[in-house]
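Engineer: Residue-level listing of the chains:
There are 2 protein chains.
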Amino acid sequence: MKRIDWNGLDEAGRAAALARPAQSRATELRDGVEAIVADVRRRGDGALRELTQRYDGIILDTLQVGDEEFAAAEARLTCELKTAIRDATDRIERFHRASAPVAVSVETAPGVRVERVLRPIRRVGLYVPAGGAPLPSTAIMLGVPAAIAGCRDVVLCTPVQADGRCDDAVLYAAKVTGVHRVFKLGGAQAIAAMAYGTDTVPRCDKLFGPGNAWVTEAKLQVAGDPAGAAIDMPAGPSEVLVIADEEADARFVAADLLSQAEHGPDSQVLLVSPSHALLERVGDEVERQRRALPRADIAAAALGESRLVHVRDLDQALDVSNRYAPEHLIVQTHDPRALLEGIESAGSVFLGPWTPESLGDYCSGSNHVLPTYGYARSYSGVSVASFQKQVTVQEASAEGLRHIGPCAATLAAAEQLDAHRRAVTLRLAAMDAIA
Amino acid sequence: MKRIDWNGLDEAGRAAALARPAQSRATELRDGVEAIVADVRRRGDGALRELTQRYDGIILDTLQVGDEEFAAAEARLTCELKTAIRDATDRIERFHRASAPVAVSVETAPGVRVERVLRPIRRVGLYVPAGGAPLPSTAIMLGVPAAIAGCRDVVLCTPVQADGRCDDAVLYAAKVTGVHRVFKLGGAQAIAAMAYGTDTVPRCDKLFGPGNAWVTEAKLQVAGDPAGAAIDMPAGPSEVLVIADEEADARFVAADLLSQAEHGPDSQVLLVSPSHALLERVGDEVERQRRALPRADIAAAALGESRLVHVRDLDQALDVSNRYAPEHLIVQTHDPRALLEGIESAGSVFLGPWTPESLGDYCSGSNHVLPTYGYARSYSGVSVASFQKQVTVQEASAEGLRHIGPCAATLAAAEQLDAHRRAVTLRLAAMDAIA
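These protein sequences, in sequence, are chains B and D. Here the first sequence stands for residues 388 to 822, numbered as in the working numbering. Here the second sequence stands for residues 388 to 822, numbered as in the working numbering.
What the hints contain is simulated information worked out from the structure, not anything from laboratory work. Careful, some of the hints might be misleading.
[Unchecked claim] If you want the footprint, here are the derived chain D segments under chain B, 3+ residues with CB under 8 Å:
1. 495 to 501
2. 807 to 814
[Claimed, not checked] From chain D, some residues computed to sit far from chain B (all C-beta separations above 12 Å):
3. 519
4. 703
5. 734
The beta carbon of each residue, even a glycine, is placed where N, CA and C say it ideally should be.
Let's have the full structure, built from the sequences with the hints guiding it.
Structural biologist: Pasting the structure below:
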């Protein structure tokens, strides 16, 4: 990990210190995904079968996972894992239910009622990656808010494994969250299938979930097409920033940095601290712990792009963090809650020594589908609201129109929109005619 | 307006009947906008001055509107218009405040607290078009939620007029909503300036507001660039769908259809009704009222793409509406509220004879920046939430980690993420060592 002295840097140096590994939408990737999307639109299920054979090496008889496959998957799982999936689901449900949007009704003037009602997005498509390892936790993170939002048609795509099956735990997690329509599809072809529909895969209004560069590029492409589908957010590699002071336990901090670094060689981890001693200790501890990991090589690659940043004090640490806008922000300081007020941009925050990022990744209750790559400056993580539309409703009585109609007519006249004005004045005249 | 019998159509005919005028991101438009964006990124303020001279025919001394210009604009406005702007702002504020997201705090397990906190997006850019006529109402619709969200830096761009000034009412509306940084910039160059920043225009994290095809294309381009800015939503031409029954007043319905049609030749208006007689009456009335409008030609062009749709009953009318997913949905039936439950996809809904769309456009309290072009299937209109990030926070005590740590460790093991697992087990071991 590279050591950086924040106060020894000029503006350009600071920008470089917080730069993320470049993410170019390379022409090759763009063209490759465009070809796949076009193929799926043109040839539907036939294309899906061919692409799955080409990329996953599997000849699929049926694309959809059948009831007996769900049952067999469940039977193969340990009781411990099934219990963990159900417990995690319960806690995630509790938090997501509590933070779901609520209906609103306000009288803004006598006789004028304005409301906000909530409507589920009808058909949603969830993508659960299984590139490195399958991610049942992502099935929970997407399935729970979709269910609370009341989405009627929920579709889930996840890559098929070498044995022709989908991962047992992903299927069980899907079932526990109420998702029964699962397709053995991965990559750009899965995104294309959900965005445009085929004979077998229903066309979805919005797509959710993380994925590799192909999946991400496909999501961007279908989101840019009015005939395509909306997406949850743009995505990049995972990342964590830790703010820690002298009192932090270097072993804990190192473990948290590594749990991000093992995600992939392009993951980025930063430690920001006013304590030279801590930076030193954590640097050593990271190396020590890393060697024991099964994914030690991946972690080493990620650590190559990572930073130990020395700052003047915790206020400056907050400045650095807000500027970076990390997906995950861990605070291990003497009084972590004292820093919360100053946190402006982050996907999810973890306070104190006993809150490793793993808790949020799996089972504290918050969502782990979060904005990466600096998008935390303007995007939020997935929540129930991501699966709903907020529709405004207004109803004026004759009295209400009398009250606010003249205001609307004046503004319409200022905007030279005469038909807008007349839609009001014609009604006011009709009222007078009745009276 | 074209008459359509919904039940006489097959599936393809129904799709065609609800098709919107094609919206292609023509290569010419794309390339033209790309060139402007690149020029603004490269040459900054110099490019802005040149482009403004080329497209608006104005040589700008300073890009930013000065204090004395605000004061002069206010002095030129009528008392009536200023009062209307303030009254509308008050009501919009009331509704937006009531429907703003709230902080949440939940204990999801003993010793595990999960919260949602709200943070304003730091720098936001508002675009207020003035192509046909200037739109002070849009300045209100964007300025009010930005202020309630607590955005610290708010920038507004609006095209310069032939007299070298910005519209007086737009400036006054900006000031009333607390926006003091206004730039005399329009078109793709305004979007580029706010997305990337110049010496004069600050770089913004998210851009809001409607605009013509150039503005919309520029917004899509900067949203697709990680170095660019997020946007509120994709946009298309404005549209309304009216559901009316035998009892509706044909004059009111016609006036509402026309107030949408006058927006532009590509606006689309639909009337859906089970009553042949009403469809007939409204058709006649539209033609009669249209002739009296200053923008009669624009309305005639829009009506050419519009439809009178006959359906079996009001349930079928709802089906048609949900399938179309209109930006504005007006319900003028015997019991309009009875239909609300069945409305799935719409930007904003107007119930009953005394609620013309103009009320929502200007001053009922709801927002008029709404999803068009079928995006109401998956997007919501602008609200306070659009200007905020929802950040999740978790804090576990040692007891909390004991409770849910094993669940996280089990799931991490299932996902073969060993460092995730160890970040938990190492802490649990440390606890045991202390005890």
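Engineer: With reference to the structure, classify each hint as holding or not holding.
Structural biologist: We went through each hint and held it up to the structure:
For a cut-off of 8 Å, the count of residues in the segment 495 to 501 of chain D with a CB near a CB of chain B stands at 4, and the three-residue condition holds. Residues of the segment 807 to 814 of chain D lying with their CB closer than 8 Å to a CB of chain B number 7, which satisfies the three-residue condition for coverage. Here residue 519 of chain D does not stay apart from chain B, with its beta-carbon only about 7 Å from theirs, under the 12 Å limit. Residue placement check: residue 703 of chain D keeps its beta carbon more than 12 Å from all beta carbons of chain B (closest about 18 Å).
Separation of residue 734 of chain D from chain B is inadequate, the least Cβ-Cβ distance of about 7 Å not exceeding the 12 Å criterion.
Consistency with the previously given hints fails for numbers 3 and 5, ordered from lowest to highest.
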